[in-house]
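Peer 1: Okay, here's what each chain looks like letter by letter:
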Amino acid sequence: MAIKRLSDKEAAAVNKKREERPAPAAPEKELEPTSPEEEQVWRVLEQARQNVKQIAKKELEGEVITEEILNRPLRAPK
Amino acid sequence: MKLLPRGHAYPEYGVTVSAWPSDLADIFPAPPAPAGHSWPPTQITYLGKYLQQLQCRTIVLESHYVDRDYIEDMALYYARSLRSPANYCQRLHFFTNAFEEATWRQWVSDANAGRAAEVVRELQTHYIGFCVVRPLPGSPIGRTVLATLGPASGDGRIRRFTALRDYSVHIAGMGLQISGLAFQQQDQGVSTCATTALWSSLHQVAPMEELQVPTPARITESASRYYLGEIGRWLPSGGLSISHICEATRAVGLAPLVIRGVSPDHDRAQLLGYSLSGFAPVLAIMPAAGGEGHAVCVVGLKLGDPQPHPIAALHFREAATAVLGVYVHDDRLGPYAGATIVSRTVGKPPESPQVRTGLDIVWPDGTLEPAEWYVYAMVVPVPIKLRLTIARMRQLGLYVADAAGALFPQFNRAVTLSCRYRRATEYRAAAYGYGLSDAGAYRLACEAVFSRYLGVIEISSPTGPLFDVLFDTTETDADLAVRACVRREQIPDGGETHLQAIARWLRTTAIV
Chain Y
97 MAIKRLSDKE AAAVNKKREE RPAPAAPEKE LEPTSPEEEQ VWRVLEQARQ
147 NVKQIAKKEL EGEVITEEIL NRPLRAPK
Chain W
3 MKLLPRGHAY PEYGVTVSAW PSDLADIFPA PPAPAGHSWP PTQITYLGKY
53 LQQLQCRTIV LESHYVDRDY IEDMALYYAR SLRSPANYCQ RLHFFTNAFE
103 EATWRQWVSD ANAGRAAEVV RELQTHYIGF CVVRPLPGSP IGRTVLATLG
153 PASGDGRIRR FTALRDYSVH IAGMGLQISG LAFQQQDQGV STCATTALWS
203 SLHQVAPMEE LQVPTPARIT ESASRYYLGE IGRWLPSGGL SISHICEATR
253 AVGLAPLVIR GVSPDHDRAQ LLGYSLSGFA PVLAIMPAAG GEGHAVCVVG
303 LKLGDPQPHP IAALHFREAA TAVLGVYVHD DRLGPYAGAT IVSRTVGKPP
353 ESPQVRTGLD IVWPDGTLEP AEWYVYAMVV PVPIKLRLTI ARMRQLGLYV
403 ADAAGALFPQ FNRAVTLSCR YRRATEYRAA AYGYGLSDAG AYRLACEAVF
453 SRYLGVIEIS SPTGPLFDVL FDTTETDADL AVRACVRREQ IPDGGETHLQ
503 AIARWLRTTA IV
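Going down the list, the protein sequences come from chains Y and W.
Heads up: the first sequence begins at 97 in my numbering, then just goes up one per residue.
Heads up: the second sequence begins at 3 in my numbering, then just goes up one per residue.
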């Protein structure tokens, strides 16, 4: 497929059209708790998220793979 | 002059029955080698000790057996040797009952008289596996599938073999089954430790995806097709690196998941998650004192009780703290070798010392292997669509478990976090026992869209499971992959309201 080269006038028209396009939909509104019980559970969940923040970070340490790890020969004698 | 009749004769086939010998090595012919050559190989000694533990009483020998793995090794490598060995093997079958050749002959007559089903039932009751014996003088132990020891390990711990499958065996036209995972000795011609560890692992995983298990020859060939790296020539095999293991895994149609060894806590969680999911991780282990690396295949776990969390502020326990050891196929020893997990300090100055996951490999008689190993990395062959790792699911699971511990104080911080994969079909079938309402059961069975492999965070109490969080494992971000929160049998009264709130927080639905 050949790429069509636009003249300055055509390009300006395209740009104008883009500018006039409606703005994208607003991001989904933050969910709100629907009852005091739910609010309480959510508070506990948020607190729990803070409690485990440091140990959760360490979870992904095992996914950091280096060339040295990949290339280390494994050949213990029989 | 007359030429010798080469290639005219067929090999002979015969079945021989003999009682368990005082030493298994006695039935293996020693190769012609100068004094000082080590015989018997460690693997034969190990096998003898292990079969004694299984209480083997009788051995049945098939004198001619064509083994798919060996014949490919033969075609790729041994056919070009001056002392070309035969292209067939012998096979030993092991039984826990004592019988003689006359009984065996009677059974064949009984089968011929229309009582084959009874004979098979009798043989099956006492069958504990087989060992293919290759015509390779220094490394005779070929494909070997043996039964496992029972779940009680004798010290109050539980043996849980997680990577077992059924193998069909035929002898004298009678079909038997054995549940185990294939093991074989490295021959250092076609395969080394990493080849055989990966081969064992693929024996478990490839059939899950209906893929053919590659032979050791094919593994070596595909591993070193594009890149030799530090291993030098590919035949005789100079070993594999983790890159090679990845390449061979990819060639089968699976994805290699590489996880670096970090610490005992981290590695235990990974081992538990992947093993409970039915995968067989290949462990790359290194001697703490330095030297060549080694590879073993994990086939099971030794479990104790989950321990309280060391951080007093947290309200849950890690199921992974129950992992006290692993059972491995170690091709220098044999199948199902026990290895205790210990904390091991690694790194000599100027490197800063690190506490890593040590493995103390134990012989069946309790003797400890002298080398002090630690887990350097693990490679888990997984189905290619499985992308959400255990580590990523655990990041979310950690705070859900902590919240559950706080929301259910009656369990006194004994709420436990476990994480694994389950087939969606298997999960749906099992869910009929979860105590769901009819609407919940219908929703789970007939309305929920799931990936083939579900990620499952299981939150449980000492009396049983409380609830599960299910993930779509074709995603990579756990936060965006939650599919449902499912009520389980032991959720306490009023717990369903908490579960509904947790599900809404996770932007998913609760199935209760």
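Derived by calculation from the structure, the hints in this document are not laboratory data.
Quick caveat, the model's predicted, so the values are computed rather than measured.
Please note that the accuracy of each hint is not assured.
[Unchecked claim] Here are some chain Y residues pointing at chain W (derived, C-beta under 10 Å):
| # | residue |
| --- | --- |
| 1 | L102 |
| 2 | A107 |
| 3 | V110 |
| 4 | K113 |
| 5 | E116 |
| 6 | E134 |
| 7 | Q136 |
| 8 | V137 |
| 9 | L141 |
| 10 | E142 |
| 11 | Q143 |
| 12 | N147 |
| 13 | K154 |
| 14 | I161 |
| 15 | R171 |
[Unchecked claim] Some but not every residue of chain W turned toward chain Y, in silico, with C-beta under 7 Å:
| # | residue |
| --- | --- |
| 16 | Y79 |
| 17 | V121 |
| 18 | S245 |
| 19 | A257 |
| 20 | P258 |
| 21 | R262 |
| 22 | V357 |
| 23 | L409 |
| 24 | P411 |
| 25 | G496 |
| 26 | H500 |
[As the list claims (entries may be wrong)] Chain W stretches covered by chain Y per the calculated footprint, using a threshold of three residues with CB under 8 Å from any CB of chain Y:
| # | segment |
| --- | --- |
| 27 | 190-201 |
| 28 | 295-308 |
| 29 | 385-399 |
| 30 | 503-514 |
Even for Gly, the Cβ is constructed at its ideal location relative to N, Cα and C.
Peer 1: For each hint, tell me whether it holds in the structure or not.
Peer 2: Hint check:
1. L102: violated, 38 Å
2. A107: Check failed: Cβ of A107 of chain Y comes no nearer than 37 Å to chain W, outside 10 Å.
3. V110: Status violated, d = 34 Å.
4. K113: violated, 33 Å
5. E116: violated, 33 Å
6. E134: holds, 4 Å
7. Q136: Holds, about 8 Å.
8. V137: Cβ of V137 of chain Y sits 4 Å from chain W, so the hint holds.
9. L141: Hint holds; L141 of chain Y Cβ to chain W Cβ min 5 Å, cut 10 Å.
10. E142: holds, 9 Å
11. Q143: Status holds, d = 8 Å.
12. N147: With a minimum Cβ separation of about 5 Å from chain W (threshold 10 Å), the hint on N147 of chain Y holds.
13. K154: holds, 7 Å
14. I161: holds, 5 Å
15. R171: Check passed: Cβ of R171 of chain Y comes within 3 Å of chain W, closer than 10 Å.
16. Y79: violated, 16 Å
17. V121: Given a least distance of 39 Å, the restraint on V121 of chain W is violated.
18. S245: holds, 4 Å
19. A257: Nearest chain Y Cβ about 14 Å off; hint violated.
20. P258: With a minimum Cβ separation of about 10 Å from chain Y (threshold 7 Å), the hint on P258 of chain W is violated.
21. R262: Holds. Min distance 5 Å.
22. V357: violated, 13 Å
23. L409: holds, 6 Å
24. P411: violated, 11 Å
25. G496: violated, 9 Å
26. H500: holds, 6 Å
27. 190-201: holds (count 4)
28. 295-308: Coverage by chain Y holds for the segment 295-308 of chain W (3 residues, Cβ < 8 Å).
29. 385-399: holds (count 5)
30. 503-514: Holds: 5 residues of the segment 503-514 of chain W have a Cβ under 8 Å from chain Y.
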